[in-house]
Amino acid sequence: MIWLTWRQHRKLAFYTLLGFLVLAAVLVPIGLSMRHTFADLGLAGCLRPSELSDAAAQTCDVGLRRFSDRYDSLNLVAVLLITLPVLVGLFWGAPLVAREVEQGTHRFVWTQGIGRTRWALVKFGLVGGAVVLLAVGYGLGMSWWVEPLTRAAHEGRLGVIVFDLQGIVPIGYTLFAVALGIFAGTVFKRMLPAMGITLAGYIGVRAAVEMLARPHYQPAKTQTFPIEGGGIPEGDRGNWVLAVGIRDADGTMVAENTRIQCPPGGKGPDGRACGADLGLGPGAYNWELYQPADRFWLFQSIETGIFVALAALLLYLAVRRVRRIA
Amino acid sequence: MEMVLEADRLGKRYGRTWALRDCSLHLPAGRIAALVGPNGAGKSTLLHLAVGLLKPDEGAVRVFGRSPYGDTDGLADIGFVAQDTPLYRDFTAAELVIAGGKLNRRWDAALARTRLAQLGIPPDKPVGKLSGGQRAQVALALALAKQPRLLLLDEPVASLDPLARREFLQSLMGSVADSGTTVLLSSHLLADLERVCDYLIVLNAAQVQLTGSVDDLVAAHRQLVGPRHDGGPIGGVAHVVRASHTDRQSTLLVRTDGPVTDPGWTVRDVSLEDVVLAYLADGVAQTSHSEWGVAA
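Quick mapping for you: the protein sequence lines, in order, are chains A and B.
So in numbering that gives the first Met the number 0, spot 275 of the first sequence is number 274, and the numbers just go up one at a time.
So in numbering that gives the first Met the number 0, spot 171 of the second sequence is number 170, and the numbers just go up one at a time.
Next comes chain A alone, as it looks inside the complex (with noise of 0.2 Å):
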C-alpha cells in the first residue's frame, strides 16, 4: 500500500517540492535582504520606543519609514504566500478519491486483498503526513521570511495576515484544506466540482474563523490612556487592536474608530482645549480594545486545534463515504 501510494503521488510529490524550491529560492534571497536593511538601520533597538533618547526615537521614526517605503510591497506578496495552503488542498486532497472513481480505478483497488477502510486509512495517513511536513517547512520558513515585516509593523505577529502565514496555524489550515479536498472528492466523485467546493469551502471557512471566532479565543482586554500627551502606554507594540474609540469622562463612546493625541498642555487649532473641537468634553479618554501580544502562541495554538479538528472530521466522514461508493 505504501509503494503503491508513492508510485501514484510521486510525480505529483516532486513537481509540489520542485515549487517549493523555486519559492525558496525567491524568498530567501528577499528574506535576507530585508533582514540586513533591519540592522543596517539599527531597528532593533527601535521595539521598546521609552527606553529611547528622543534624538534616537528621531532616527527609529526615519528608519522605520524607509524600512516600510522599501518593503511595503512585499505585504501583498505575504497575502500571495496564504493561498499555499490551500493550492496542496486543491492538488493533493480533491483527486485522491475522486480522480480513483472518475477514471473507475477505485473498482480495481477496492476489490483486491486488503479492503478499501484500510486503502483509505493507509493513503489518507500517508498523505495527512506528508503534507504536515511540507506544512511544518512552510510554517518555519515564512515565520523567519515574515518577522523584519512584523517587527517593523505596528501590529506585529497577531495580525491578520502575518499571523495566519506562521508558527503552526499553516499546519492546520493545510491539513484542513486537505481533508476536505478529500470529502468533497467522496460527495462529487469528479475532480473538478471537488477542486471548486474545496476552493469555496476553504475560503469561507477560513473568513467565518478569522473574522468570528479568532478576536474571541480569549477575552479582549482594554486599556485607557489620555489624549493630551504620554502617548500609547508602554507595551502596545505588537498587541492586536481590535476596535478603538473616543470615550468622555462618563465613559460614553464620543467617536469611534479614532484616537487623538495632543502634546502635553496643547491646544486644539483654534487655541481651545484638546478636542474640544470635537466636541469632547473634560476627562474625555482614548480607549483601546486589544488582544495582548503574549498570546500569540495562545492563539497559534486554538486556531490549529479548530482547523486540525476539522480535519480529523471531514477525514472520519470521508473514510465513511468511501464504503458507500460503487
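Honestly, the hints are just simulated from the structure, not real lab data.
It is possible that some hints are incorrect.
As the list claims (entries may be wrong) - Under the rule of at most 20 Å between Cα atoms (straight-line distance), these lysine to any residue pairs were calculated in the SDA-like manner:
| no. | chain 1 | residue 1 | chain 2 | residue 2 |
| --- | --- | --- | --- | --- |
| 1 | A | 10 | B | 25 |
| 2 | B | 101 | A | 112 |
| 3 | A | 220 | A | 154 |
| 4 | B | 101 | A | 0 |
| 5 | B | 128 | B | 101 |
| 6 | A | 188 | A | 100 |
| 7 | A | 220 | A | 251 |
| 8 | A | 10 | B | 87 |
| 9 | B | 54 | A | 116 |
| 10 | B | 101 | A | 125 |
| 11 | B | 54 | A | 100 |
| 12 | A | 10 | B | 91 |
| 13 | A | 188 | B | 13 |
| 14 | B | 101 | A | 116 |
| 15 | A | 220 | A | 241 |
To be verified - Sample of chain A residues at the chain B side, in silico, Cβ under 8 Å:
| no. | residue |
| --- | --- |
| 16 | 0 |
| 17 | 5 |
| 18 | 7 |
| 19 | 103 |
| 20 | 107 |
| 21 | 109 |
| 22 | 111 |
| 23 | 113 |
| 24 | 114 |
| 25 | 325 |
Don't be surprised by glycine CBs; every beta carbon is placed ideally from N, CA and C.
Following the hints, position chain B against chain A.
Quick look at chain B alone, frame taken from chain A:
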C-alpha cells in the same frame, strides 16, 4: 451441489429507481456462467453486489456462504474485472503486477508474468498506451494472479474488436479449465458468450428472467407452429414465453414440461439465442410506453 453465489430476493436501489429487484439465483461451483441482459438491466449492479462494492438494499447475496459487503477476507477468493477494465493508466504492466502483490496476501506473480509474456504484452509500457485488447488481458492476468475461486468479469469483451474478443475468451477458458474456478461474465450480447458458457442468467429490467444450465434451458424450450391459438392450455406446455400471431397461424415459444403430442402443432427445437431473445422481448415495451406517456 456447492453454491458459489446465491442471491435471495436481492434488491438495490439508486434514488427511487430499482437497479435490481427481487433477484434470486444460484450459481453452482465450477460453472462458466453468462450474465446476459440489455444495457441497464442491472448486470453491473449484480456483479458489484457480489464483489462487495455495493450494499444490498433488500434481500441478501452470499458468496461462498459469506456476505461480501465489507468482508475484506472474502475478497481474496474473488477476482473481479470491472467494466472497461480500469487500471492505473500511467503504471506499466510490470508495476501493476507488483502493486497486486502489495495489495493481496495470496498472489501468484509468476503466473501473471508468464501469462503476459505469452501474450506478448510489453512489461515497461504504460498500460494506458496498450490496445484495448491488451489492457483487458492485463486486467485478466491480474485477476487470475489472485488465484480466485470465483472470477467476475463485467462486460470484459464489450470494447474489443472481434478478433480480440475471441482471443480474450480463449485465453480465459484456457486458464480456468483446470483450476476449477467458477466464472461469471456479463455481456449485453449473448453471441459473445454462447460458445464458452455452460450456465446462463438472463436479467432484464432489474429482474431475473431466466436462469439455469444451458443444456437444460435448450432442452426445456420448444417452438410450436400451428393454427391460430386462443390462449387455451396445450398438453406438455408449462407456459408460453412468447407468442406471435398471423391471421391463421400462431408461433409460440414455450417452456415444456413433457412431450407435446397434439398433432396440430409442429414442434421445433430452439437455439439458446431464440430462448434468450424470447425472454428479453418480454417486459421492455410496456415500460417505454408509460415513460413516454402514451397508451400501449
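Subject >> Violated constraints from the hint list, given by number and in increasing order >> reply: Violated hints: 1, 5, 17; rest satisfied.
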